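S.K.: Protein chains in written order, with this note's numbering: chain A, -3 to 487; chain B, -3 to 487; chain C, 9 to 449; chain D, 9 to 449.
Bear in mind the hints are in silico, worked out from the structure with no lab data behind them. As the structure is a computational prediction, the values presented were derived from the model and not from experiment. Any given hint might turn out to be false.
No more than 35 Å apart at the CA atoms, straight line, and that leaves these computed lysine-lysine pairs for DSBU-like [unchecked claim]: (1) D:288 <-> C:99; (2) B:431 <-> B:365; (3) C:99 <-> C:375; (4) A:255 <-> A:365; (5) B:431 <-> D:288; (6) C:99 <-> A:431; (7) C:375 <-> B:431; (8) A:431 <-> D:99; (9) D:288 <-> D:99; (10) B:365 <-> B:255; (11) B:255 <-> B:431; (12) B:162 <-> B:255; (13) A:431 <-> A:365; (14) A:155 <-> A:255; (15) B:155 <-> B:255.
One side of the interface only, derived from the structure: several residues of chain B facing chain C at Cβ under 10 Å [what the hints assert, rightly or not]: (16) 16; (17) 54; (18) 84; (19) 190; (20) 192; (21) 449.
Every residue gets a Cβ at the ideal spot worked out from N, C-alpha and C, and that includes glycine.
Chain residues, written in single-letter form:
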Amino acid sequence: MLNKGGNRDTTMMLMDRSVPGRVGVITPELDVPAAPLPDAALLRDSLPLPEVSEPEVVQYFTALSQLNFSIDTHFYPLGSCTMKYNPKVNDEVAFLPGFAGIHPQQPAEHSQGALELLYRLQGFLTEVTGMAATSLATLAGAHGELGGVLMMRAYHLAKGDTGRTKMGIPDSAHGTNPASAAMAGFDVVTIPSDADGNTDLAALREIVSDDLAGVMITLPSTLGLFDTNIVEVCRVVHQCGGLVYGDGANMNALLGRAKLGELGFDVCHLNLHKTFSTPHGGGGPGAGPVCCGEILAPFLAAPVVERNDAGQYTLAEPEQSIGKISGFHGNFGVLVRAYTYIRTLGAAGLQSISGNAVLNANYIMHTLKDIYALPYDRTCMHEVVFSADRQRERGVSGLEVAKRLLDYGFHAPTMYFPLIVHEALMIEPTESETKETLDAFIAALRAIDAEATNEPETVQHAPHTTPVSRLDEATAARRPVLRWEEPAAAD
Amino acid sequence: MLNKGGNRDTTMMLMDRSVPGRVGVITPELDVPAAPLPDAALLRDSLPLPEVSEPEVVQYFTALSQLNFSIDTHFYPLGSCTMKYNPKVNDEVAFLPGFAGIHPQQPAEHSQGALELLYRLQGFLTEVTGMAATSLATLAGAHGELGGVLMMRAYHLAKGDTGRTKMGIPDSAHGTNPASAAMAGFDVVTIPSDADGNTDLAALREIVSDDLAGVMITLPSTLGLFDTNIVEVCRVVHQCGGLVYGDGANMNALLGRAKLGELGFDVCHLNLHKTFSTPHGGGGPGAGPVCCGEILAPFLAAPVVERNDAGQYTLAEPEQSIGKISGFHGNFGVLVRAYTYIRTLGAAGLQSISGNAVLNANYIMHTLKDIYALPYDRTCMHEVVFSADRQRERGVSGLEVAKRLLDYGFHAPTMYFPLIVHEALMIEPTESETKETLDAFIAALRAIDAEATNEPETVQHAPHTTPVSRLDEATAARRPVLRWEEPAAAD
Amino acid sequence: MVTNFQSHYIPNTPAEQDELLAAIGLRSVDDLFADIPDDFRNPPLELPAPLSELEIQRELGEMAARNRPLSAGPSFLGAGSYHHFIPSIVKAIMTRGEFLTAYTPYQPEVSQGTLQVIFEFQTMISALYGMEVANAGMYDGATSVAEAVLMACRVTRRQQVIVADTVAPAYRQVIATYCQAQGIAIDIVPADRAADAVTEATAGVVVQYPNFYGSLEDLAALGAAAHADGALLVVSADPLTMGMLRPPGEFGADIVTGEGQPIGIPPSFGGPYLGLFSCKQQYIRQMPSRLVGRTTDTEGRTGYVLTLQTREQHIRRERATSNICTNEALYALASSIYLAVMGRNGLRQVAELCYHKAHYAADAIGKLGGYSLPQSADFFQEFVVSCPVAPAEVNRQLMERNILGGLDVSDRFDNGMLLCVTEMNSRADIDALVSALAEIA
Amino acid sequence: MVTNFQSHYIPNTPAEQDELLAAIGLRSVDDLFADIPDDFRNPPLELPAPLSELEIQRELGEMAARNRPLSAGPSFLGAGSYHHFIPSIVKAIMTRGEFLTAYTPYQPEVSQGTLQVIFEFQTMISALYGMEVANAGMYDGATSVAEAVLMACRVTRRQQVIVADTVAPAYRQVIATYCQAQGIAIDIVPADRAADAVTEATAGVVVQYPNFYGSLEDLAALGAAAHADGALLVVSADPLTMGMLRPPGEFGADIVTGEGQPIGIPPSFGGPYLGLFSCKQQYIRQMPSRLVGRTTDTEGRTGYVLTLQTREQHIRRERATSNICTNEALYALASSIYLAVMGRNGLRQVAELCYHKAHYAADAIGKLGGYSLPQSADFFQEFVVSCPVAPAEVNRQLMERNILGGLDVSDRFDNGMLLCVTEMNSRADIDALVSALAEIA
Ligand SMILES: Cc1ncc(COP(=O)(O)O)c(C=O)c1O
Ligand SMILES: Cc1ncc(COP(=O)(O)O)c(C=O)c1O
């Protein structure tokens, strides 16, 4: 990044910059008589916040922003994360005063536009997933999972079926799947993958029994593969009285190509901050709506939006709802963006997304598989998972290959996930990248492979051009420093 | 800057990226019957604009932005330019639909808020300059100058005084002053500065006669000095029947400290994009309102805003107006920002600006004058003009010192202006910088001086860390390439 | 067959797609989906036809226009979402693409911006609450306190919590949802009996500060009672009130959570908001969500990383402290900018404006015939008014005067209405409310 | 004595100011102003008391609310400022601090962003107009054509210009202002007689395309006539119409200027706008304003610089081609983003939408009893309607129906109203206008 002198240098934190008496904001004068204050025991003595002026705040945070890679500035093929283009119009409409400036508890007659938007979005997502109903109350993918598996639990309990304590989860699953299942009180049973990367049907059959509440399947799987056993998986689970949860985080591959509900899934969540292009914001906000079939609809998290005969929209609680799972009605600002995105693209646009996302991933797969090991050599979906095993043999790890990409001006792929692939490098190009970018990225990965042979140290010690080099994570965890502290007075 | 790969690399221009069939925008369907087209001779065959998608446009322009220094990212002590903090609230209000979305010709009764804002701003600027009236119609400093000197011309002509063909302008003046005078039909007579950097009164007395229309004086001068002869200058010019124009581009030094009207100036312009902190935008838009005393008020450019007895605001043309000088009513969006700025600061705030701007400049002057030659060793105003003569002796020019500052993360001072100072380095810190930044900047200039002794090549070939190094300006001018051309087909 | 649609969001043209297909050795994009069983491939997708951006802006603009923004007139509605002023710089900075379009900072070398922001956030949130550590944020205030309950149970290895009945109803519901499968017993007790209810089985005592009805609970007493029996004191506190009030940390709270919306986040119909979560240092390994730590790089430069990740789902899976992954990072940024620019004095001034204005309003309303203030404890910016007629009717008549009234809490207080006054309410707004209420009486 | 005011825009505190003063050896800030004669120092400054940002937003919000934005209802007002759609990305990018808060790119090494943008702008504007070179922009459409007149006189060393009477009245006035001190004679002649009026004394013929009343002048004839006598053809052309119309460059125009507002700039009560300026290569040394050229750095990398600066005031002073310095760079950026995203097809589509919708409207209105279309030439998106009653009255009645009517041009056409229809007008808008006009008749 361009050198910065003086207060634009980011090495000083806000508290380091604080000078007594500096002012960052002017507040209005008090225009009513002052009231007596409560007992002093209730009032604070000091408020250890910084004292800095407005220009300093702008300059400091602007400088910080420039230390980031982001979609707007860098190709970001981070597998499983669907780092696609985030349209600016979506942000613009979400900030309209009629959206950003409305109170969640104001009377419904003064929020009809907002409620209608939510109602329509419920319908769009229900349609996209081939389900029967949707709740928008869950605030991220993992939150949707929690809501979904709690619904599975509630369903069994409502039937008086109290013995279903187990949840089957593939070994390739994202960590949130087992964590959500555990929060919903289930014991996790791991389901292995077969040699093709599909669910191992034999292994599945072994665990299905009347203590199995259901399974959580990611489709396409985190291996970037369409599980060709999926219909059979659903059949087997259903046969034993279990339910099938779909982790829809990878839905970018399937938009308009297949519907989870039709394949046999009972409930799923979508990551609007992936598939529906709401910006990830450095780690959120997201939105993880839950869509489900008829039998689970009564259990959806509250609220859902209903439309009455007079055409008015109201918030309602499904009959046997698992209850409220968030403070209000979901991450509305994110939902506005997703609604806008779907309205912009329509069915043909969504299908074009999945087509191009999958095409781009396969292009990368085909142009690199001579060099990078491909654990599952079959058509991939929206992402391709390589292994850096062949580079490892030359002393260069997958992590090092990934870090070296940063020097080439590309964000790294997801590394070491899914856990079942050795030295995994998981690359998701998305549909929003140009062929030029794909080719430049492919060239970089080929060049790094050559470096692994010719100058392995360059790769091993990468990155070399970033604001900081490799960081000491071990010490960070062993002696955690989690906030600014007054520097010890020098004497 | 952080490395960028693929299409975020800026070496390809839009036309290089263009791919037939890529779409950047979706337009609505035609919802009326198509009309017959005019004769084909009136229609164009090809429209050689790029074909790129929206993400590419965002990524390309974002990448370009990151090649810039700017106030938000770097200390920018560019003399004569008043690169102070540009408040974000000013931009926010300027974009309100009730401001950005109104038509300049819509009926006055539907623009009362906008007209009132202009009316009040006229009043504020009239007050700040100690004048009698203001027109906001001029769109930048130089445009204000043209308006102002045309008013001087019109005034003399209105009196039947047709022989006043000369305009006196100090040798230190900004280039726009003589250029504006020439556009207004005057012959420029140069007025030298005296040894203290003030107007040379003796020289002035020599040129005053009945062919002198007036003089254009910058206060504080472009040497960053308050001309202590100024009252006498005005007296002398007035005595001969001439008028005094004030270039108010440096008004940041005098806000609330002195009023041009009271000192004897007849007319002046203000640079709202300097003193009143509207962002400079990489070279505009600006706004250069003209303020004048009673005798010149009838000649102001049209329109001005008037308030009638019913409290309604209307656009009006002053009686003997020089006429319209721009398409509509001035750079309204810039005027909204300046209005907001003045409302935020009030009189005490404006005085604090000049106090701190001048204090910061003097601090730099005092802490560097042992090393950098100071042509006029007296209290400076908002900026200090050094000479790099002592560095030059060691083979390092002022330009090279300035370029080397870029490596230290600071924007360069203005170089080689004013023309009367050898190897001029003109530094304007403004009031919005912290002491830390001033100290870091001072330390950098001291370090560069040391480099001039110890490793002059480092300075001579600077900058070393910028996106491009020193550019070949001679070839650029000799064989001008002013737009993208289709690359010659390789064969 | 799916036809190709050339969106402005998708660069590659059909010709380019054909080039890619050729490289792969396929004929059509459809062939890539051959793994999907025929019967399920390319189902009909019934969605409205795509719109141009011009039409989108118009459609969304019309939908937005059918909602009444708080800026349309005086508003006295709080109850969990507050109308506070947000300086322009917050949006100006948070919408920078480098922040907006980055992912979770998993690659620290190219994410120092986001990481250092979170470190600032952790610093300022712990300072506000008087706590030793704060995490990178949770989904919202409700899920944050629910996760605090789970954490209190983990820390104490107990399975019963006491929740004051003055905790926001929505928060209580979300706690119930989060606990429903965990075998945790939740006892809802009146706030003034919460201290007495603690036993050796109690994992934690949960209160809100100020409570949902605006009043200040006796944190010192609750902390003492909880700690006497080895339970934790869990407080959900409004961060903006911390500009003035002694923080829960100074009363011995073990976990302090909160809704971050009041500090720099627009009401936005209830989200996205920001869960705040802080605790004593000794419990950090039981915390949910991300933590950023300071460390050094190979050249000794300071840098920031995600740390203590072994607590988290991507490492610990079913034994993680929580399933949370994506949180609300962008709003942690917004709050950090807000707190930075408000600073030590600005936050105190805003808190005091709210306090004095609310008391001015309460005093005036309390003197109106037919109205009374049923609560006696100290309050901050919210208070309950008992109205002469049903609150719904009062609100209806207020809206006729373009005033947004308070929340109906007649389930708890006779004709009760929960009113909120902030720095956004001018004296004229308050006077208009008071005279309107006088007319309605 | 001036008291110090601690603004949030000014970081240094009184204590820090004292430190700086001590370094200088002074006691007070006031001492720095000792050069100002006593009688004039620290005059009273009567300005309203400062406001907090909360109050500023409220005050400005209220002032803005007293203006009716074009989005409030159908609008048919054009006449030099046009209601076109601007994609969101334009504002999202132009407000980035790196563009917004940079100065004129005098230090090319740290201004490549701005410089390359201008080079793109020059490229696209020359392409639009079919001209060889374009500069970095002028103040607005009016000053741009005025500078073109001065340039035509410089190039031809003649002092007389012919200006068609169909050039916008405001443009004609600004030409007069710019020429008033230069001894240039301006002959305003009917457009269809402009060709005949050219003599060997004529420096240039100035026309607008489409003209102020919407019609397309016969550029070919004008160009031939001008060139026959050694004069230049100067055309002020709407850049958006260039999506569809053959550009003036292809008719032999020597200088083509234009108002850049239609391509990506909001109407904003008349400014800031953007002057477009292009010409034949042979005249570049006579051009006003900045030019950016491509070159290479010491390492052979491509880079951009301000070039041919010897034309400009900071070098050439009173002999400069113009006094212009600051221009409208930020809006050259806006237009560049707009043109990039519209691209070859989008700009054509928008132009066609305007064309067809305007013709649909004109047809329908022309068929109404009492209304007629007094002009017969081809038009683009604007046309004059002769109304049965005074246009002011028609407009009044249209506004009762929340329709913003056209410009009153009854000075030139009997009860004439200049109407404009763009892509922002839906068929429903147009139909509403037509039925309203029918009712008013
Ligand atoms: C496959 C998969 N499932 C679930 C999640 C969890 O989603 P979130 O981060 O929104 O909670 C993710 C995101 O990282 C994921 O990639
Ligand atoms: C002293 C002085 N006068 C006049 C001007 C011209 O102002 P503008 O660039 O707004 O035309 C400038 C700006 O560079 C200046 O510094």
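S.K.: When you check the alpha-carbon spacing of residue 365 of chain B and residue 255 of chain B, does it fall within 35 Å?
M.R.: holds (30 Å)
S.K.: Do the alpha carbons of residue 255 of chain B and residue 431 of chain B lie within 35 Å of each other, as the hint requires?
M.R.: Roughly 29 Å separates the two Cα atoms, so the pair holds.
S.K.: Decide if the proposed pair is consistent with the structure: residue 288 of chain D and residue 99 of chain D, CA atoms, cutoff 35 Å inclusive.
M.R.: Distance ~32 Å between residue 288 of chain D and residue 99 of chain D Cα, so the pair holds.
S.K.: Is residue 99 of chain C within 35 Å of residue 375 of chain C, Cα to Cα?
M.R.: violated (41 Å)
S.K.: Is residue 288 of chain D within 35 Å of residue 99 of chain C, Cα to Cα?
M.R.: Since the Cα atoms of residue 288 of chain D and residue 99 of chain C sit roughly 45 Å apart, the hinted pair is violated (cutoff 35 Å).
S.K.: Is residue 99 of chain C close enough to residue 431 of chain A, meaning Cα to Cα at most 35 Å?
M.R.: Cα-Cα ~34 Å, so holds.
S.K.: With the threshold set at 35 Å, check whether the alpha-carbon distance from residue 431 of chain B to residue 288 of chain D stays at or below it.
M.R.: With Cα atoms ~51 Å apart, residue 431 of chain B and residue 288 of chain D exceed 35 Å; violated.
S.K.: Does residue 99 of chain D sit within 35 Å of residue 431 of chain A, going by the straight-line distance between their CA atoms?
M.R.: Roughly 27 Å between the alpha carbons, so the hint for residue 431 of chain A and residue 99 of chain D holds.
S.K.: Next pair to validate is residue 155 of chain B with residue 255 of chain B; report whether the Cα-Cα distance is within 35 Å.
M.R.: holds (27 Å)
S.K.: Check the hint pairing residue 162 of chain B with residue 255 of chain B against an upper bound of 35 Å on the C-alpha distance.
M.R.: holds (26 Å)
S.K.: So, as I understand it, the hint says residue 449 of chain B touches chain C; can you test that by seeing if any CB pair is closer than 10 Å?
M.R.: Where the cut-off is 10 Å and the nearest Cβ of chain C is about 29 Å from residue 449 of chain B, the hint is violated.
S.K.: Answer holds if the nearest beta-carbon of chain C is closer than 10 Å to that of residue 54 of chain B; otherwise answer violated.
M.R.: holds (7 Å)
In terms of the numbered hints stated before, the structure departs from hints 1, 3, 5, 7, 19, 20 and 21, listed from lowest to highest.
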